[in-house]
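Taken in order, these protein sequences are the chains called A and B.
Numbered per this note's numbering, the first sequence spans residues 1 to 505.
Numbered per this note's numbering, the second sequence spans residues 1 to 448.
No lab work stands behind these hints: they were computed from the structure.
Ideal Cβ positions, reconstructed from N, Cα and C, are used throughout, including at glycine.
It is possible that part of the hints are untrue.
Stated by the list, open to error - Computed from the model, here is a short list of chain A residues facing chain B with C-beta under 8 Å:
| id | residue |
| --- | --- |
| 1 | G185 |
| 2 | K187 |
| 3 | E239 |
| 4 | E243 |
| 5 | L249 |
| 6 | S250 |
| 7 | N264 |
| 8 | Y277 |
| 9 | M279 |
As the list claims (entries may be wrong) - Below, a list of computed lysine-lysine pairs in the DSBU-like style, where the Cα atoms sit at most 35 Å apart:
| id | chain 1 | residue 1 | chain 2 | residue 2 |
| --- | --- | --- | --- | --- |
| 10 | B | K72 | A | K93 |
| 11 | A | K458 | B | K130 |
| 12 | B | K125 | A | K341 |
| 13 | B | K130 | A | K398 |
| 14 | B | K50 | A | K334 |
Residue-level listing of the chains:
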Amino acid sequence: MKHRSPSEQHHGKQPRVGVPTAAASASPQSDMEDKPTFTPRELTQNPLKKIWMPNKHGLPEKHISHRMVCMTNCPTLIVTVGLPARGKTYISKKLTRYLNWIGVPTREFNVGQYRREFLKIYKSFEFFRPDNEEGLKIRRQCASAALNDVRQYLTEEGGQVAVFDATNTTRERRDTILEFAEQNGFKAFFVESVCEDPEVIQENIVQVKLGSPDYTNCNTEEAVEDFMKRIKCYENSYETLDEVLDRDLSFIKIMDVGQRYLVNRVLDHIQSRIVYYLMNIHITPRSIYLCRHGESELNVKGRIGGDSGLTPRGKEFAKKLNQFIQTQNISELKVWTSQMKRTIQTAEALNVPYEQWKVLNEIDAGVCEEMMYEEIQGNYPLEFALRDQDKYRYRYPKGESYEDLVQRLEPVIMELERQENVLVICHQAVMRCLLAYFLDKTAEELPYLKCPLHTVLKLTPVAYGCKVESISLNVEAVNTHREKPENVDIHRTTEDALQTVPAHF
Amino acid sequence: MLRFQRPHASVPQFTNSPTVIVMVGLPARGKTYISKKLTRYLNWIGVTTKVFNVGQYRREATQSYNSYEFFKPDNLEAMKIRNACVNTALKDVCDYLNRDRGQVAVLDATNTTPDRREVILNFGKENGYKVFFVESICDDPEIIAENIKQVKLTSPDYVGCDKEEALADFLKRIECYQMTYVPLDDNKDRRLSYIKIFNVGSRYLVNRVQDHIQSRIVYYLMNIHVTPRSIYLSRHGESELNLVGRIGGDSGLSQRGAKFASALGTYMRGQCISDLKVWTSHMKRTIQTAEALGVQYEQWKALNEIDAGVCEEMTYEEIQEHYPEEFALRDQDKYRYRYPKGESYEDLVQRLEPVIMELERQENVLVICHQAVMRCLLAYFLDKSAIELPYLKCPLHTVLKLTPVAYGCKVESVFLNIEAVNTHRDRPENVDVDRDPEEALETVPEHI
């Protein structure tokens, strides 16, 4: 097996290289081949995430490599390419949101932003004229400043992926970026958006350009006219990524908003995931409805998990949900549920075909399944405190964490991206994860997002984000939302622990 | 309980219209390799798929192969036969998708002319099938030569031929097609759904992906490669719970298990692999095993053993005692049976799909996992059905070395000479819910 360089993380003893050295570590297994018996190294289970890790001198080793997403050692620099109003920023933001959600620290760097901060006031398209020396200088400086921040993010701030959002329409500019990437040990992956459909471009301009800070003091006609002239400034020098000239680069070329893709030299896992994601998203207008099952028998008893049926109020909600959906007049609505009785019962009231997904099942609370919070505190006070300390990463013994949930929900998100109008009837923790994806919430916020029973969230993509409408269907239900208590210390009193438990029977 | 009433798979299948995948490309471009591999993958994830190789039909229609002359574009007699073969194949596709409830049919032929493709498109339209083209374009003479060597020279067409002769004939055969080959056109074929694979995957052109299954197919095709490598599958060393005949749990290695871990280290070192990746589950016993190797390893939660729900840490005798009906149901359909509050093999396959995808991307990998998990992975590589899968033999302390070769996978089974309990329970004769306990426990392996 390959010898690991000293800078890489080791687990357990030193890897063998040729002849074993006498001055090995103090561990008993330093010379495995000679010893007929091997004593496995002690493992301890990290109390929060329940991950088994080897310990050294009684202390857990850090940096266990466990697979969430394959963390390539090289950070990745995604570079957008394309004329203005081709969806580069839309793609940058969406991709960044997705990567962060699946656990890959990602940030976007929009050069236009840097330009706005530098210039303060945008006058007209003349700034972008290819013969405007002053303009060119400033634009180059902005690009450099952005790349500097990229370097800092990827090397010092723990970033894994940086998205460099700019036109990057000339080979010269792209070569500069490639050099930068090479010097810093980043992998470069280009994402080009090519579109000649005037309707799409027009819609683009209307949705995001007219509202841009550049055009706050213009009327619509003026803004559109100026922006069209701006595009023209780039057109003459635009060098699209070429199958032949750029055959050694890693890139995806997206043509006509996803009708066609050219994919070249995907180097690693993360690039493969990025390509898959980009090939599944679309911009057809649609809405996604998220809601929980109707109130369940265990809900009213204040018990978590389990597989109970709906209460009468829960059934009332299901009926109201049916009425609500009718009023929405949705063409071709898909309905998804989990494989738990309470979501299926809810869907049954809609009298339409629905699909069951096992991965939409509620978070597995392991040994705490069907317990009340009071019982968890009584039986597992340490666990209860650890959960409050880091609710996102905390894994129930023999159960799951929110972090695990996100992993398991990724195919749902991917399919939601592919689909159009969908109603997802799921569960509290599951809904929080899905909502966090659409609303770009952090791992800290996610487990505390409010997803009350009997409330439908209607999500509609708009501009660079998502509009949310919260619709309560006016059927009473228990509150199942437990806020983070003030005291999360493992030695806290029972009252402190149960401070925020919602009322129940 | 709904679990009995509505046997849903863990993930919706998303195939409404059946799909016909149509291969396109000159001979020796990997069409059959891709067809077989893709079919294996789709079947494994639960999408019923079958390959229809027109060359097979031709071999059946012509008794014996004479020479490349059969494929000359001006050989009208042969052309008649070849067209008839395509039609027979298409008829069989119909039977498969309509009558036999197949979801995907892969039409493996050159399909190198627009006319031929038009015929197939019309066929698809008439029958309400979605059509998706997979074209393989390769101009690297080394790859083509390797291809010919690996699979053509040993084809039934060239049985008893001298290698040089076979090669010369085959090259002339390719030439016959080259004259009339029109690749899928960016402009003329812009309404079609297809993926073009250039030079074994350095570049892809993807056009109009229509639905979920096509999207998954594209993703899969973009992740596979042909670089030679080996995949090593092994279970953890014997565990404490293994010794006492208990399933599941999260126990540590027994003494013999620890010995195995050490032997595994020795064996792997003897394999002299550059850049070996080692993967384990999140369970103590696989991690302890990996620890003995002294190299970096990655933990995957997805590799955890099947969750036996309420039966976790029970012996089979206890399961029979407490849940005799469940025990019988499991024997009736071990693949689809889900433990109460646990999982089924079917669920396991869904959970393991990202592992398979990453295994396809990787090169040399050692996966240290568990019995049910290993059965699922093995079934993927060896194309085992859902019936066979749960009974595949994956004994402790035995490494399976899988090496892709030609259209399949070579398996070497290496027992590392350290005794361990047998954990394999065969399907008993009587699977009826009313059976006696003795009948139920007939095939339980020995334990302490």
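Holds or violated: is the Cβ of M279/A closer than 8 Å to a Cβ in chain B?
holds, 7 Å
Using the nearest Cβ pair, does Y277/A come within less than 8 Å of chain B?
Result: violated, 10 Å to nearest chain B Cβ.
Residue hint E239/A, partner chain B, criterion CB-CB below 8 Å:
violated, 19 Å
Going straight from one Cα to the other, do K458/A and K130/B come out at no more than 35 Å?
Between K458/A and K130/B the Cα gap is close to 32 Å, so the pair holds against 35 Å.
Between the alpha carbons of K125/B and K341/A, is the straight-line distance 35 Å or under?
violated, 40 Å
Between K72/B and K93/A, is the straight-line Cα distance small enough, at 35 Å or below?
Answer violated: K72/B to K93/A is near 55 Å, above 35 Å.
Holds or violated: K50/B and K334/A, Cα atoms, limit 35 Å.
Status holds; Cα separation ~29 Å.
Quick check on the hint: L249/A CB to chain B CB, less than 8 Å?
Since the shortest Cβ distance to chain B is 11 Å, the answer is violated.
Hinted contact K187/A with chain B - closest CB pair below 8 Å:
Violated: closest Cβ of chain B sits about 15 Å from K187/A, beyond 8 Å.
Return the status of the interface hint for E243/A: holds when the least beta-carbon distance to chain B is below 8 Å, violated otherwise.
holds, 7 Å
Take the shortest C-beta to C-beta distance between S250/A and chain B; is it under 8 Å?
Status violated, d = 10 Å.
Take the shortest C-beta to C-beta distance between N264/A and chain B; is it under 8 Å?
holds, 5 Å
In summary, the numbered hints that this structure violates are 1, 2, 3, 5, 6, 8, 10, 12, 13.
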